[in-house]
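Chain by chain, the residues run as shown.
Protein chains: 2
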Amino acid sequence: MFARSLRQLRRPILQQRWAHIGHAHANLRAVTSSDVEHFTSILSPSSVLSTLSPVSTASAELDSFNSDWMGKYRGRGNTVLKPRSTAEVARIVKYCNEHRIGIVPQGGNTGLVGGSIPVGAEGQEVVLNLGAMKDVRSFDPNSGILVADAGCVLESLSTYLEPHGYIMPLDLGAKGSCQIGGNVSTNAGGLRLLRYGSLHGSVLGLEVVLPDGTVLDQLSTLRKDNTGYDLKQLFIGAEGTLGIVTGVSILTPPASASINNVLLALPHFDNVVPLYRQVRRRLGEILSAFEFFDRQCYDLVLRHGQQPALPSDEVSDAQAFVLLETSGGHKEHDEAKLGELLEELLGAEGDAQLVTTGVLAQSQEQFNALWRLREGITESIGREGKAYKYDISIPVPKFKEAVDTVRERLRERGVLGKSPGGVSLVLGYGHVGDGNLHLNVVADSYTDEINDALEPFIFEMVSGYRGSVSAEHGIGSAKVDALKYSKGDASRLWMKKIKDLFDPNGIMNPGKVLPP
Amino acid sequence: MFARSLRQLRRPILQQRWAHIGHAHANLRAVTSSDVEHFTSILSPSSVLSTLSPVSTASAELDSFNSDWMGKYRGRGNTVLKPRSTAEVARIVKYCNEHRIGIVPQGGNTGLVGGSIPVGAEGQEVVLNLGAMKDVRSFDPNSGILVADAGCVLESLSTYLEPHGYIMPLDLGAKGSCQIGGNVSTNAGGLRLLRYGSLHGSVLGLEVVLPDGTVLDQLSTLRKDNTGYDLKQLFIGAEGTLGIVTGVSILTPPASASINNVLLALPHFDNVVPLYRQVRRRLGEILSAFEFFDRQCYDLVLRHGQQPALPSDEVSDAQAFVLLETSGGHKEHDEAKLGELLEELLGAEGDAQLVTTGVLAQSQEQFNALWRLREGITESIGREGKAYKYDISIPVPKFKEAVDTVRERLRERGVLGKSPGGVSLVLGYGHVGDGNLHLNVVADSYTDEINDALEPFIFEMVSGYRGSVSAEHGIGSAKVDALKYSKGDASRLWMKKIKDLFDPNGIMNPGKVLPP
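These protein sequences, in sequence, are chains A and B. Just so you know, we're using the UniProt record's numbering here: the first sequence kicks off at 1 and counts up by one. Just so you know, we're using the UniProt record's numbering here: the second sequence kicks off at 1 and counts up by one.
Keep in mind that the hints were calculated from the coordinates and are not lab data. Don't take every hint at face value.
No distinction is drawn between identical chains; accordingly, a pair holds when it is met within one copy or between any pair of copies.
Below are the DSSO-like pairs computed for lysine-lysine, each with C-alpha atoms no more than 30 Å apart in a straight line [to be verified]:
1. Lys484 - Lys94
2. Lys484 - Lys497
3. Lys418 - Lys331
4. Lys94 - Lys496
5. Lys94 - Lys497
6. Lys386 - Lys134
7. Lys386 - Lys496
8. Lys496 - Lys398
9. Lys484 - Lys499
10. Lys400 - Lys499
Predicted model only: the values in this text are computed from it and were never measured.
Produce the complete structure using the sequences and hints provided.
This is the structure in structure tokens:
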């Protein structure tokens, strides 16, 4: 109880520093009962939650919309709206724009940077949750083009496509909750980017409600369309600050007939890059994932209940692990390619020996178990303590150096291993094919001391590598101050001009992406 | 001689109607000697061509910069600038912006829609040719990320990459002349899009000189970077109307160890879609092109010197041809997959028989010969007469219907087969995997009569299919009036707002993409 009270006490201070949370937006006013009454005239009664009259929802019912799953951010919205159609969204937005009420578009609320919760003063933003818009609008089994409401859950779309022999071009750990509109708005990357590319390539069209309530219908189902500026691209990754994505047209790839995965243990991190080159050469077009995680990650997921896929004595000296996946159209060919690769890897000697040992999944169950070792990392970190999450793009050869540098920094600052209030783990994992490292610092609580040791230290380090301070998580409210480490003055100036052009009143997801 | 004079006489009228050519831009003034003198102070003497003093270039030397390779558009620029660096481009642009002089960015000048030649009154635009900026800035053989000057010729980049084991993610018939900056600015599609996706996915970063002379440096070499709005996307396909692309960072795919192609003859067009489905199922991830051309195209390229790849008696009844290509990492596997496919196709009987006959290239020479049948179409059309080119996205099952409808239209209007001044051929070819049909009408000259029969007829037809009036060629000056058939009011309004934001003085490629 004591610890909890302490954290509650500290929270407002921390949140202010980290995420501009709780700062009033000067341009916006708080929602009133009269606004809520108007919302109930636009939406069906069950679609409006508000602590204000005439709805008077119990405040606890708004909790899940006001806070993120990590328990790091807590907003002060008093009203949540759940429209069921694009027309309803447009009417809400138009009203809010005219009345200077902020809007936080919210999908599955699975983000990691505080992008989908209100950050203003109490009631300054309504949460506009897209979860009730969850219909597939169309699917063409010839072309693989899917058109869906923004609120469709990623996994449910995968399930929808399965009987047609197609898959979604992206896959995330959060697939069971995250929504396609949120995926697009945050330009989600994930596990399949190596193979199927980014959403900037696979999204063919969007329907967006602009801040003035206009519906921008660019819901094209064409693979190619060079008629003027590709405006939809602006909304991919804009995190709802330029408009609300309500519909998505996306090119889905055919499902592969044959899928395999392999876990490899490496004696040194330095072997990762040569291994990646060898794997690419051998597997070519059937390689669909090449994920790296370090020793700390491996031990952590085992500690939290995952089964070790490799005998512990064989991996006692392993410093790094690689999970690779193949997806191809021809079972025998794929297995032959994998067989040749593994033979080459395990038969190598001396300096050419890149891996210590490895395992090829022999059943769907084993396949899933190997993926759980990788996908279970996030959850295990959450169980272990509070995570300071950094999602950075840097050259792959620097992955380990970056993790070691941060660990050393925390040691110098005296917070590594300190108890209570100290850091227990510094670990790294990520997508080698994309140069994307997830650097996580785990502690028993969020403290200013740790935060000050990490920021702007990590951002400066990333900037030194000419990397990105946010490879796939976005900016949200958490990284607003860090934007300058990856984007120059001209880029930030033009982002602001674009923001002001679309949203002159600053109602769309205020306090996110760009400094006020 | 008479014919030529007649054409010259007609030209100004036609050009005005088709492409806003020769209309004065109200906001711009013509280049003067004093401007030319200033340009010579920015650039080296050999980089300034102008009919004005103090340079006084012979007007004929400007011809190739003022006209397109089809001989369809002819601009009236009096000055051509060939900067050698981004800094030089920036100084020119800043000066032109301050002095209200239009700028036409020009790459290889291989476009098909009059996008890279001046269209204003005499001297209102300088041609800014990027051809002198042709250095590769960097290449990382681990990641495959290439950074190059905008003026690098596409084929020279392919040659550069070859020893590193990489290829460019796009391939066009114009590869020997077109430049990467132009490819990006026009969002070029081409022959590899089916496999490697669009430039919106593969371009990682751009360096752009904005209309005020600012250099927007977004030349990222990161595969993933979610820090704010992806501004570079706006310039991909903007055809130089928002700024000048001076540098490109692009993700290049590994070259495939094994490449094969096959030409198939089909008795009916209706077999194309089922064939595509069967081919995708059999070849999966190694399929790298699936190109269709109709009987008229096949006969045409043979008439213009290509060798028939199939015995003429075997294809006498063929209505359609398909050229498919595979690119894979494993020669034996790829050949086995192709072998299984061909066995299935040629062994089929009755309704299941989709192809009449086919040929698999057995040597590099044969491989090239098969591709020449497809890539030779454009050149053969050029030799046959004057082409009215339409590049549309429509559902694949409608490809033949569209060509037949247009042929019937021309027959009804009495211009099909008419001589002189009539249409000799209406033909269709294109990229099945992308739903992209090239519909070409060939006549002995460009006439208003034919043009009136075709437009807006074709645009209305495309609109009826909910297609795109420009799949990959862009809008240029030729399709400005057609934009509305593929983009709604809100989309066009917001394009205009974006244009005005970046280029308030309207100096960048005036008269292109958007109506004045």
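So, against the hints stated earlier in the document, which numbers end up violated here?
3, 6, 7, 8 and 10
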